[in-house]
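With chain A fixed as given, assemble chain B onto it according to the hints.
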Amino acid sequence: MTKKHDVRALEDVVVKFVGDSGDGMQLTGTLFSDVAAIAGNDLATFPDFPAEIRAPHNTIAGVSGFQMHMGERKIYTPGDMCDVLVAMNPASLKANLKWAKPGATLIIDSSTFDEKAIGKAGYTDSPLEDGALDAYQVIQAPITELTRESLADLEVDKRLAERTKNMFVLGIMFYLFGRDLDKPLEFIRDKFKARPKVVQANQTAMKAGYHFADNTEAIKVTFKVNPAPLEKGLYRNITGNVATAWGLLAAAERSGRPLFLGSYPITPATEILMELTKHKSLGAKVFQAEDEIAGICSAIGASFGGSMGVTTTSGPGLSLKSEALGLAVITELPLVIVNVQRAGPSTGMPTKSEQSDLMQALFGRNGESPLMVMAATSPANCFYYAYMAAKYAMEHMTPVILLTDGYLGFGSELFKIPDVNDLPDINPPMADPNDPYFKPYRRDEKTLVRQWAAPGVAGLRHRVGGLEKTNIDGNVSTDPLNHQLMVNIREEKIARIADYIPLQEVNGEPEGDLLVVGWGGTEGALASAVGRMQEDGHKISHAQFNYIKPLPTNTREVLASFKKVVVCELNSGQLVNYFRMNFPDIPYHQFNKVQGLPFHIQELTDTFTKLLEE
Amino acid sequence: MYKKVEKSPVELTKQDFVSDQMVKWCPGCGAHAILAAVGNVFPKIGYRKENFAMVSGIGCSSRFPYYVDTFGFHGIHGRAAAIASGLKIANPGLSVWVATGDGDSMAIGGNHFIHVLRRNIDINIILFNNQIYGLTKGQFSPTTPIGSVTKTSPHGTIEHPFTVSGLVMGAQGTFFARVPDNNVKLMSEVFFEAAKHDGTSVVEILQNCIIFADKVHDHITDRSMREERQLFLKQGEPMIFGKNQDKGIILNGTHLEVVELGKNGINEKDLLVHDMYTRNPGIHRMLGWMKAPDYPVAMGVIRAAPADSYDELTERQIETAKKTSKIQTVNDLLRSGDTWEI
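Protein chains in written order, with the working numbering: chain A, 1 to 614; chain B, 1 to 342.
Hints are supplied without guarantee of correctness; some may be wrong.
To be verified - Coverage of chain A stretches by chain B, computed from C-beta distances (three or more under 8 Å per stretch; other residues unrestricted):
hint, segment
1, 257-263
2, 282-295
3, 309-321
4, 417-427
As the list claims (entries may be wrong) - In silico contact screen, one side only, chain B against chain A (beta carbon under 10 Å); selected entries:
hint, residue
5, K88
6, A307
7, K326
8, V330
To be verified - Label pairs and their calculated CB-CB ranges:
hint, chain 1, residue 1, chain 2, residue 2, range
9, A, A194, B, T320, 20 to 30 Å
10, B, K196, A, A458, 18 to 28 Å
11, B, E319, A, D479, 26 to 36 Å
12, B, K24, A, E52, 52 to 62 Å
In short, the hints are calculated from the structure, not lab data. C-beta: ideal position from N, C-alpha, C; glycine also.
Isolated chain A (complex conformation) (with noise of 0.2 Å):
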């Protein structure tokens, strides 16, 4: 590369590619990563796709974006604004400048800045030329055609030629961060193999976009991004749904139990179904189920039946599953059920993310009805929460809800990848088919877990059901005793894997002026603004909840040890208010927000500096 410009060095960057749901984004911004990732950077992702399959062309309505976070050091989050934002039409350009820093590098496709586009984005003048775009670093060209021109001599048809201007984009995007073009060319080939024609015309598109980077005078400096101190292995980009999949199988690879999926399509839960549907090699059996209720029910039936019995959904879906989650309850059969949370009430908003179901999971059935809660923080740990859900699931016998959200869900980050034989065992109790004294709901004295005695053994022959009953021998009763005794003990059972999870880790000291509790998907968020106050000096720790029932034994010091607490969520107070439940005695703040969207680190830092200083 020709060194004609100044190279300036990043620590992190975000960049985000906007463009019509057509023009290929998801892809770019795909790419894009991957040869980050091989560069050795650390990075996070998210696809931000419109709610509609087709929107009109170039409409608000019709943008489909990608956000990428990349840099040298730890990254935790897809970052809030973006330093680069490359846009391909007036629409994507509307939507999402208000999400550039300051003096950003924008990227623009300034063929698609006709008259028309230009009044369907809601603009009267063309903000290439109104001085809307003064404060930022303009990258403009005819991009459209200049990928036409490209490839005049290929024979290509009009179609393909327009489809490949993404391509053109990114090599203007890998000139732009000192990327050769070795890495991306190989993706296309492979990519496209079976199509040489497609292959050859994005290959063209790609290259002649990064010798327009080299020659054009727009681009005054271009960056640079140092590879991240990451530990030493092996890697790969992993979203949180196909890492919640992969999780699932190496669960039942472990136990020794079949795994069993059955599962309803629901935004955003659907793509560990699809994952899952894969993988019969490893003998997953897939159910796609007439509705959320059979969903449950066949999964509920097949962990009768012996299987690692599983069911995936969202919100709305886990309300339909509640009277099932009560069978699984007092049959006490293991299963596992993933919530990847999105927006409610109701259909709410289905691809935006929160963490409103908390609530929904600690109590939302009929009677007392208590089971295992527990939480995944980033796209890449969804792997081993699931693992271990699966694990609590079938070694305590009870239904165990691993809450992510769309967040995670969609997000993907570099995934360092373990030896399924380092995880933890998982030792299911199973009856022993020769003992003679089998009674189903006799307990192990310390976990107070009954055994799993699936059908076909002779000596094992039992009856299971939603009707109470009786402890050790399982027949039917409604004595007020025993259901005061059943009662208890299904409560002291999930409370008692409390001496099985570990112990909650904190952030920064054990002990100092401020708190900051969070669970789940916002870990990111909150590490990265909790790490800034640390960097200035302030006495603030950073507590994220895994495991939310039960809690860990050490949760009442942990929040005791601090000055304050404050509790930051993007729902309403859920977590905070079942903290006053266990631990009235602790003053709590919180932080919320509902608004589909994630923690910005700003918002958070404002928040926590008003708090130290009040």
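Just chain B now, with coordinates in the frame of chain A:
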């Protein structure tokens, strides 16, 4: 290989399937006959007794699993078919039986009922059709005849009832049989056929609820009516009925017609011959639809059409994938696709 249900090495008897639980149905309830028929037929089917699993929903019918000495799952209202689906797919080496009622399966569980049939999962559904909600004490159900006075229809129901056979075949069911609750012998034979069928089988029992809908089936099932009002279907045999075996069924144009043998030159060879195995549901639908008093009500196995079962197809796909896929362990999966060393 697809795992079929294991046979019992020793011959079992009715007594082997009697559980230690007290049977709590009302004296005179039709359900007792169903339990007796199951007791007759399970030993004859010949599977090991621990390979039977009984699944139920909610209602009088759904107490059934407690009374059979094998594995049992008493589920929640309407969901037996869904629970049984998961059980059979997960564990195809079981013979899975569902005990359910007209309310449980056709109202609250209607969705699961039609979809298990569409998928043709190899489970056997015994549908206790007493045309009433018994356990909740006498509200009308989806099969209660229009105009019936019940606890929730003091002025008579204004709902058109389901015909069970119509719903089964409309949902592309592959096996449907009907039996009155006072014919334990036929019931046992039909259960045996249901067990043999690879796919979902539905056996509708015209069951009497002695308390809340007494005698609703009497115009068909009463011994004095039996010959004139019931048509006993037998594979490969002409459709003949009547006290003197002098009536039969013919296909006249697009509908079935009752004829008298010997009249208008009609003789046995003009009658329809029963073919339960044909895939075409046309005649099966018409037979299921026949209602008293214009027609005799068809009894026995009306339809037993061969079709692949969901559970067998599942096993075949897994078998193929295991043979052909490069991904044999989760470690293989984790390392597939784009990965890189750092």
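How the hints compare with the structure:
Figure legend: the segment 257-263 of chain A, annotated as covered by chain B; annotation consistent (3 residues with Cβ-Cβ distances under 8 Å, at least 3 required). Only residues whose C-beta sits within less than 8 Å of a C-beta in chain B count toward coverage, and the segment 282-295 of chain A has 9 of them, enough to reach three; the restraint holds. Note: the segment 309-321 of chain A has 1 residues with beta-carbon separation from chain B under 8 Å; the three-residue rule is not met and the coverage is violated. Counting residues of the segment 417-427 of chain A whose CB falls under 8 Å from any CB of chain B gives 5; the rule of at least 3 is met.
Given hint, K88/B at the interface with chain A, holds; its Cβ is 8 Å from that chain's nearest Cβ, closer than 10 Å. Proximity of A307/B to chain A is violated relative to the hint, the smallest CB-CB distance being about 18 Å (cut-off 10 Å). Look at K326/B: its Cβ gets to within about 8 Å of chain A, closer than 10 Å, so that hint holds up. A distance limit of 10 Å between C-beta atoms decides the matter here; for V330/B the minimum to chain A is near 5 Å, and the interface restraint holds.
As the Cβ distance of A194/A to T320/B is approximately 23 Å, the hint placing it in 20 to 30 Å holds. Under the hint 18 to 28 Å, the C-beta atoms of K196/B and A458/A, about 24 Å apart, fit the expected range. The given range of 26 to 36 Å is broken by E319/B and D479/A, whose C-beta atoms sit roughly 49 Å from each other. At about 56 Å, the CB distance of K24/B to E52/A agrees with the hint of 52 to 62 Å.
Hint violations for this structure: numbers 3, 6 and 11, all remaining hints satisfied.
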